[in-house]
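Start from the sequences, fold in the hints, and give me the full structure.
For the record, the sequence lines run as chains U and W. Residue 1 is where the first sequence starts when you use my numbering, and the numbers rise one by one after that. Residue 1001 is where the second sequence starts when you use my numbering, and the numbers rise one by one after that.
Derived by calculation from the structure, the hints in this document are not laboratory data. We put the CB at the ideal spot given by N, CA and C, even for glycine. Honestly, I wouldn't trust all of these hints.
As the list claims (entries may be wrong) - The calculated label-pair distances, taken between Cβ atoms and stated as ranges, are: (1) W:Arg1104 / U:Glu62: 28 to 34 Å; (2) U:Phe67 / W:Gly1109: 32 to 38 Å; (3) W:Val1080 / U:Val244: 55 to 61 Å; (4) W:Arg1104 / U:Val151: 50 to 56 Å; (5) U:Glu62 / W:Ala1101: 28 to 34 Å; (6) W:Asp1053 / U:Ala29: 16 to 22 Å; (7) W:Ser1063 / U:Leu89: 24 to 30 Å.
Unchecked claim - Some chain U residues well away from chain W (every beta-carbon gap over 12 Å; in silico): (8) Ala70; (9) Gly91; (10) Asp95; (11) Glu104; (12) Gly134; (13) Gly164; (14) Gly187; (15) Arg189; (16) Ala227.
To be verified - A partial selection of chain U residues facing chain W, derived with a Cβ cut-off under 8 Å: (17) Val49; (18) Phe52; (19) Ala53; (20) Arg59.
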Amino acid sequence: MTGPEPRPGREPRPGRDAEARPEGLRAVADLLRPRVSMGQLIGGLLCLVLGFAVVAQIRSNERDTTFATARQDELVGVLSDLGQRSERLRGDLRDLEDTKARLERDAQGGTALEEARKRAATYGLLAGTVPAEGPGIELTVGDPRRGVRAVNLLDALEELRDAGAEVVQVNDVRAGVDSYFLDDRDGVRADGRALVPPYRFRAIGDPHTMTTALNIPGGLVRTLQAAGAEVSITPRAKVVVDAVRSP
Amino acid sequence: MIALIGLVIGVTLGLVLQPDVPLWAEPYLPIAVVAALDAMFGGIRARLEGIFDEKVFVVSFLSNTVIAALIVFLGDKLGVGSQLSTGVVVVLGIRIFSNAAGIRRRLFGA
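Right under this line is the structure:
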């Protein structure tokens, strides 16, 4: 703190310095000293308008935040989003009403049975108790330098799941909700079973999404290659997942 | 002092009258308010530095608000309204900060 000295490089103007450039509290007091003149009055009026405008703006901002101030293209975007969503929901509604009508129509319970089977098949796929096939990818991780650890394989599984893989099989182990990978003396174990390289992930889901997800810069493939693995991804129209988990 | 009284009266009036912002002014008022704030801070700084001039203050206040609103209006017509208003707010924000820094230097000498 150097105190009230004029800044270096700026010569104080002679004659005005003493009263026109005060410091600290005196400056504030000087600011507040009323001086009546035309300019001051106009300035006061402008500040009045400013205060009024600030309050008006704040009030209008609090009242309606989203739509009143949105521009036309934003509103169009919101509208089309809503349209798409309501269309999807209407489709869902139609399906559910169809199901309801069929359930009401048949007394023998045939439709109910069919619905229950469908649901059982879905849950079986998720739980890994039934085999599955469908479009997907095959991810092969060759490991000549034995550099791949359990955590890399877990990353691969999670990355596949994030990218929408519904069913995944690693070598002959079906991945389920409680699958785990473990580093062992002679390699990696999955759910207690030893995995022999190359590790082959068979995943059913959207091949394009999964391939993109695995290939992002700094993503899984890069990490595995940095660990000395040879990675190849093959999209397939039909991937067969035949390993099952015991219920 | 008169400016401060004016500000207080304005805020009170706004609270009492509860005005609605007319629809045509809705995109421009926030920008104009920010511009006016900039002019006000500039005025305080000029006052503290002893170079305050009422005419300059009034003219800069009015021209700042009008130009800011005009820029946004033009941007809306050109289809870059939201980007341009962001740009205006950024510029005015920088100016307000530098004005505030000037005021601080004058008041506290730091």
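Consistency of the hints with the structure:
1. Between Arg1104 of chain W and Glu62 of chain U the Cβ separation comes to about 30 Å, which falls inside the hinted range of 28 to 34 Å.
2. Between Phe67 of chain U and Gly1109 of chain W the Cβ separation comes to about 49 Å, which falls outside the hinted range of 32 to 38 Å.
3. Here the CB-CB span from Val1080 of chain W to Val244 of chain U is close to 59 Å, well matched to the stated 55 to 61 Å.
4. Here the CB-CB span from Arg1104 of chain W to Val151 of chain U is close to 52 Å, well matched to the stated 50 to 56 Å.
5. Look at Glu62 of chain U against Ala1101 of chain W: about 31 Å separates their beta carbons, and that is inside 28 to 34 Å.
6. One distance hint, 16 to 22 Å for the beta-carbon pair Asp1053 of chain W and Ala29 of chain U, holds here, with the actual separation near 21 Å.
7. With their beta carbons about 53 Å apart, Ser1063 of chain W and Leu89 of chain U fall outside the hinted range of 24 to 30 Å.
8. Not every CB of chain W lies more than 12 Å from the CB of Ala70 of chain U, the least distance being 10 Å, so the non-interface label is violated.
9. At the 12 Å boundary, the C-beta of Gly91 of chain U stays outside the reach of chain W, the nearest C-beta of that chain being 34 Å off.
10. For Asp95 of chain U, the condition that its CB be more than 12 Å from all CB atoms of chain W holds, with the nearest at approximately 40 Å.
11. Distance check for Glu104 of chain U against chain W: the nearest CB is about 52 Å away, which clears 12 Å, and the non-interface claim stands.
12. Against the 12 Å criterion, Gly134 of chain U stays outside the reach of chain W, whose nearest CB is about 44 Å from its own CB.
13. Gly164 of chain U, annotated as away from the interface, keeps every beta carbon of chain W farther than 12 Å; the closest lies near 34 Å.
14. With 12 Å as the threshold on Cβ separation, the claim that Gly187 of chain U sits away from chain W holds: the shortest Cβ distance comes to roughly 56 Å.
15. With a cut of 12 Å on Cβ distances, Arg189 of chain U stays outside the contact zone with chain W, its closest approach being about 55 Å.
16. Non-interface call for Ala227 of chain U relative to chain W: holds, since the shortest CB-CB distance, roughly 44 Å, exceeds 12 Å.
17. Because the beta carbon of Val49 of chain U sits about 6 Å from the nearest beta carbon in chain W, less than 8 Å, this interface hint is met.
18. Checking Phe52 of chain U against chain W by beta carbon gives a least distance of about 4 Å; that is within 8 Å, so the hint holds.
19. Against a cut-off of 8 Å between C-beta atoms, the interface hint on Ala53 of chain U holds, since the closest Cβ of chain W lies about 5 Å away.
20. With a cut of 8 Å, the hint placing Arg59 of chain U at the interface with chain W holds, because the nearest CB-to-CB distance is about 7 Å.
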